[in-house]
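Based on the provided sequences and hints, a complete structural model is requested.
Residue numbers (UniProt numbering): 1 to 460.
Hint data in this document are derived by calculation from the structure and do not stem from the laboratory. Be aware that a few hints might be false.
Listed below are the simulated DSS-like cross-link pairs for lysine-lysine, each with C-alpha atoms no more than 25 Å apart in a straight line [stated by the list, open to error]:
id, residue 1, residue 2
1, Lys109, Lys18
2, Lys109, Lys175
3, Lys92, Lys105
4, Lys109, Lys415
5, Lys175, Lys206
6, Lys105, Lys15
7, Lys92, Lys109
8, Lys387, Lys206
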Amino acid sequence: MYRVLLVDDEESVLKVLKTSIDWLALGVEEPVTASDGAQALEVMERAPFHLLITDIKMPRMGGLELIRRVRQLYPETRCILLTAYSEFDYAKEAIRLGVENYLLKPVQKEELESTVQNAMANLYRHRSNGEDLLYQNILSRWLNGAISGEELSERAGVLGFNLFLPQYCAVGILKRSAACTSALFRSACLEQLARRYEVYHCWNDKGMFVLILGGRSLDRMELEEQLRILARQQNAESQVLAAVGSVVTDPQALHLSYSLVCDVAELADPAQPDVVLSMQTDTRSMDADSLIEELRAFCYGAAQAKDSHAIAAQLYWSVPYKDAADCLHHLIYAYLRMWMGEFPDSTPPQEQLQARFAPRVQTAAGEEAVHLLAGALDWMRADFETKLDALSPIVRLAIRYIHDSVRTGDGGSIKEFSSKSGVNPAYLGHLFKEETGNFFNSYLMQCRINRSVLLLKNPA
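Okay, here's the thing in structure tokens:
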């Protein structure tokens with residue numbers, strides 16, 4: 001269980017902080033409050049806290065001094081600063097102290113929730129505190145589209161991000177295996193690319209080194225060739241892989257470029273000779289989003305789900321050129337996308353799927369191809385059920401509850417489920433995140449979005 005301390009000399013602000021976030025869904029006990037820095041230190045002496053959210057101006061001891069003391073006494077505590085002052089000196093000191101973020105009053109609910117969720121995710125990943133936490137936090141939210149344009153602009157002024165360039169692009173660098181090294185290649189990329197572009201970088205939660213490039217003449221094919229040259233120069237072709245996202249003209253659309261990088265990386269074949277990862281795309285009547293949702297319903301055994309033969313037939317016969325190998329590729333891609341959404345902290349079974357089914361579909365056609373694709377679907381479902389069975393019974397029940405409530409449109413919440421099942425909401429929120437890699441509320445919201453996308457594409 002995680003503990004949060006809220007510090008502000010205004011009772012109304014403390015009330016807003018306590019009630020504006022569903023703390024239980026994040027696996028957090030009811031937050032403890034203090035009216036100034038001195039009282040906060042007294043409270044922290046009795047028991048440590050994982051997250052501190054404090055105002056900057058308070059009697060006896062202000063927020064900056066409190067954070068300095070906390071850094072000495074409890075270096076693992078994450079800190080978020082509240083301030084009514086936007087002066088650069090405050091922001092600079094906040095960065096030096098390694099705060100997760102600093103929020104201007106009056107605090108916006110969405111910004112507060114996003115910042116707290118990032119801080120909690122950092123706790124789950126055991127990331128270390130440091131002077132670049134704010135930098136890393138903002139880059140991560142920018143890449144994932146989880147920051148408003150107003151906040152991004154304000155943070156960019158403090159952190160030195162240029163948001164006025166004509167083009168932006170995300171690039172991902174990963175090692176071919178755990179035994180490989182990417183340090184020299186990463187260093188060379190930073191040095192060489194910085195000569196032509198604005199470059200910002202961070203690590204994502206999957207161990208990928210991500211570059212954000214900004215410039216006036218970004219060309220994806222040119223970038224890919226430059227990465228190949230740098231890999232050869234560093235003798236790193238057998239060590240690293242790289243993925244280049246789409247070029248976007250709006251900094252607020254950077255998440256689209258990053259999403260493509262992540263999609264390509266999820267299907268990376270470590271044995272491929274080319275350093276640069278790419279993915280062939282085409283247009284088919286059964287698009288990727290619909291296929292993913294069909295797979296999700298199939299694997300969860302939903303009442304309205306199609307069987308494996310029906311899904312395989314729809315996929316195969318919707319392709320004009322009837323290529324079974326290509327259908328399998330898209331089926332595996334959809335399954336891995338679905339898997340990563342359900343179990344983001346787990347390794348998907350890509351190699352097993354490729355080894356088991358790819359050789360068998362090379363020459364298959366017609367009903368034989370449909371039969372083989374249906375067999376792949378049955379294997380996926382059995383594999384998925386094995387993963388589900390490894391979860392705690394209460395977490396499995398919670399996942400079923402979420403899918404049922406989304407399908408029927410009955411709403412659903414962690415409080416309602418906890419009340420029905422007789423489990424403590426804070427404990428459930430913690431266990432759900434620990435076992436699935438998702439926060440309960442985030443997973444519920446994503447399921448609603450997935451359902452909405454499917455209904456929009458298939459209104460009947």
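Each hint tested on the structure:
Taken as a hint, the Lys109 and Lys18 pair is honoured in the structure, with Cα atoms around 11 Å apart against an allowance of 25 Å. About 38 Å separates the Cα atoms of Lys109 and Lys175, which puts this hinted pair outside 25 Å; it is violated. At most 25 Å may separate the alpha-carbon atoms for a hinted pair to count; Lys92 and Lys105 meet this at roughly 18 Å. Pair hint Lys109 plus Lys415 holds up; C-alpha atoms about 20 Å apart against a cutoff of 25 Å.
The hinted pair formed by Lys175 and Lys206 meets the criterion: a straight-line CA distance of about 11 Å does not exceed 25 Å. For the given pair, Lys105 sits about 14 Å from Lys15 by alpha-carbon distance, which is consistent with the 25 Å threshold. Restraint check: the Cα-Cα separation between Lys92 and Lys109 comes to about 24 Å, which is no more than 25 Å; the hinted pair holds. Our distance criterion of 25 Å between C-alpha atoms is met by Lys387 and Lys206, whose separation comes to about 19 Å.
Figure legend: structure checked against the earlier numbered hints; the only hint not met is number 2.
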